[in-house]
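A.B. asks: Read off the chains here:
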Amino acid sequence: MRGAGDGAACRVEGVSKAFGAVRAVRDVSFAVEPGSLTCLIGPNGAGKSTLLHCISGFLRHDAGRIEIEGTDVSRWPAHRRARNGLGTVFQTTRPLERLDVWTNAMVGCHAWTRSDFLAGILRPPRQRREEREIREASREALALVGLEQRLLDAADALPIGQLRLLSIARVLAQRPRVLLLDEPVAGLRAAEKRQLTTVFRDLRERGLTQVLVEHDMQFVGSVADRVIVLDRGAVIADGPPEQVRGDERVISAYLGTAVL
Amino acid sequence: MGLSAMVAIGLSLLMGFAGQVSLGQGAFYALGAYAAGLLSVPKELFANGLGLDPLLALAAAPLLTATVAAVVGVPLLRLRGHYLAFATLALHLILLSVIFGEERLTGGQTGLIGIPALEVGGRTITGNLHTAVVWALVVVCFVIAQNLVRSRAGRGLQAIATSEASAAAAGVDVASYKLRLFVLAAGFAGLAGGLYTYLLLYLSPDAFTLLISIEFVVMVAVGGLGSVSGAVLGAVVVTLLQYYLQKFGTRQELLGLDLPIQTPTVARIGVYGLIFVLVMLFFPRGLLPAFTGALRRLGRR
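If you read the sequences in order, they're chains A and B. Going by this note's numbering, the letters in the first sequence line up with residues 1422 to 1681, in that order. Going by this note's numbering, the letters in the second sequence line up with residues 235 to 535, in that order.
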């Protein structure tokens, strides 16, 4: 079995989620190996994003359990999961418009820093040290996605491709060990997609575990180690891209449209 | 003016940075005022007075107000947007009916008299000295707000204003952050209320109508959302405007014409509302951003 080892970065076990009578996710199980890049694909309404949000904690699953690095996080709120190494990038992440690119990335550092209201108001030396650390870490995160030239630009002045890069820099500033991304290349132009492909490959080289929900099959084929196909809330295929590509059930789920 | 500025600073944190509109800051202002009054009025003058040292009562006013905010904030802050605005407005209404209704506790319609003056080291703090103390405390509140905005917590709050979900995704405990800021803003309002008590040494419920809650929001919006100095500017502009409109309205005649007796009310509420509408139409981001924007454009030329 792929990724069934005990050292799984992320494990989903018998997870189900229903919205009223609609069973969006049905008894899904899989384990993601550390340092791998997994893509969740499937036709519209297959439950991909629902599953992703159950893992990130924005939806509470009805049954089953979710583990991150061996810890059961099923009952944790989203912000607690974020503080324990889980990074999530939404399909549409709006930046803090009034602030510059750098400050936007600093928001991500919230996950591993401690200074709270009182420290922010009184500014003891410990808080200032932490602020310096935050500035450094967020600058590094921006450099990873190639935005270090735009540190002081207003976030709302960025084109959509760079906004996407900014949201990825922000999540990298969180220093996540497991990264969840919901359709990271949707709506981007070819050049921007290529740039993001490089970013995801770099992150994979750095040992970051990534789980992506994605529609763009060309992109999936170029980055994924493993593809999990969902249809009507259940897993219908699971394996390396070349294997999934030939799977009959996958082809029929997509009703004969060219997959991968 | 300084008192309004203090409340407005707290509200600008709530509205301009964390995106939470509160129409109940007047309630916290009133709460601070009555707390200070009741704690310091001597028993001989008012049965439920505690006769504490005014300085102690003044220190207790923001703390008590903040405590109340911490309790009511838990259910209130589950509401968002307009719902939160109206629920906080309701809070003000409830407080007013308590002040009017519980006469034995609050003095009711007659008000609360016999409040002793604030005294520090043998000097009575009234008049200009009181104004100076108020503005010194405005500076303290300003620095607190400014530091908070530029800190990790401030960034977390601004992330909440943009999207609560994405703030939580960055590890921000959204509910707790909103509550803590609500408590801080209420504390500022409570302090301002306490200082108001020792300005007049008399409390009447008429000073705490619903209008003041709305005025605080107007001050923040007119001055400029998302800027602490904007809130101070807004408080100054709105207070001055009201003062002059009132003065103008009480004139007997204008350009040889007799003015009707309704003029003060029309001037105070009508003209003031009109000016607010005009500011929002022409400077939707507020006066301070409009002003600095104009300066920047001039500088570029």
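Among these hints, one or two may not hold up.
Cβ-to-Cβ under 7 Å is the rule here; a few derived chain B residues that face chain A [said to hold, decoys possible]: (1) LEU284; (2) GLN380; (3) ARG389; (4) GLN392; (5) ALA399; (6) ALA403; (7) GLY460; (8) SER463.
Anything over 12 Å on all C-beta distances counts as not near chain B; from chain A, calculated [stated by the list, open to error]: (9) GLY1435; (10) ALA1484; (11) THR1492; (12) SER1495; (13) ALA1503; (14) LEU1517; (15) GLU1518; (16) ASP1537; (17) GLU1635; (18) GLY1667.
From chain A, some residues computed to sit far from chain B (all C-beta separations above 12 Å) [stated by the list, open to error]: (19) PHE1440; (20) LEU1539; (21) SER1643.
Please keep in mind that the hints were generated in silico from the structure rather than gathered at the bench. Even glycine gets a Cβ: it sits at the ideal position worked out from N, Cα and C.
A.B. asks: Should the interface hint for ARG389 (chain B) be scored as holding, given a Cβ-Cβ cut-off of 7 Å against chain A?
C.D. replies: Holds, about 5 Å.
A.B. asks: Mind verifying the non-interface call on THR1492 (chain A)? Its CB should be farther than 12 Å from each CB in chain B.
C.D. replies: holds, 16 Å
A.B. asks: Grab the minimum beta-carbon distance between GLU1635 (chain A) and chain B and tell me whether it stays above 12 Å.
C.D. replies: At about 19 Å from chain B, GLU1635 (chain A) clears the 12 Å cut-off, so the statement holds.
A.B. asks: Per the stated criterion, does the least C-beta distance between PHE1440 (chain A) and chain B lie above 12 Å, as a non-interface residue requires?
C.D. replies: Non-interface label stands for PHE1440 (chain A): nearest chain B Cβ at 17 Å, farther than 12 Å.
A.B. asks: Go through the hint on ALA403 (chain B) and say holds or violated, using the shortest Cβ distance to chain A against 7 Å.
C.D. replies: ALA403 (chain B) check passes; min Cβ-Cβ to chain A is 4 Å, inside 7 Å.
A.B. asks: Per the stated criterion, does the least C-beta distance between ALA1503 (chain A) and chain B lie above 12 Å, as a non-interface residue requires?
C.D. replies: violated, 4 Å
A.B. asks: So, as I understand it, the hint says GLY460 (chain B) touches chain A; can you test that by seeing if any CB pair is closer than 7 Å?
C.D. replies: It holds, given that the least Cβ distance between GLY460 (chain B) and chain A is near 6 Å, below 7 Å.
A.B. asks: Over 12 Å to the closest beta carbon of chain B is the bar; see if GLU1518 (chain A) clears it.
C.D. replies: violated, 8 Å
A.B. asks: Please verify that the nearest CB of chain B lies beyond 12 Å from SER1495 (chain A)'s CB.
C.D. replies: holds, 17 Å
A.B. asks: Holds or violated: is the Cβ of GLY1435 (chain A) farther than 12 Å from all Cβ atoms of chain B?
C.D. replies: Correct as stated: the minimum Cβ-Cβ distance to chain B is 25 Å, above 12 Å.
A.B. asks: Regarding the assertion that ALA1484 (chain A) does not contact chain B, is the least Cβ-Cβ distance greater than 12 Å?
C.D. replies: holds, 23 Å
A.B. asks: Can we keep the LEU284 (chain B) interface hint, with Cβ of chain A closer than 7 Å?
C.D. replies: At 29 Å from the nearest chain A Cβ, LEU284 (chain B) fails the 7 Å test, so the hint is violated.
The earlier numbered hints that this structure contradicts are 1, 2, 8, 13, 14, 15, 16 and 20.
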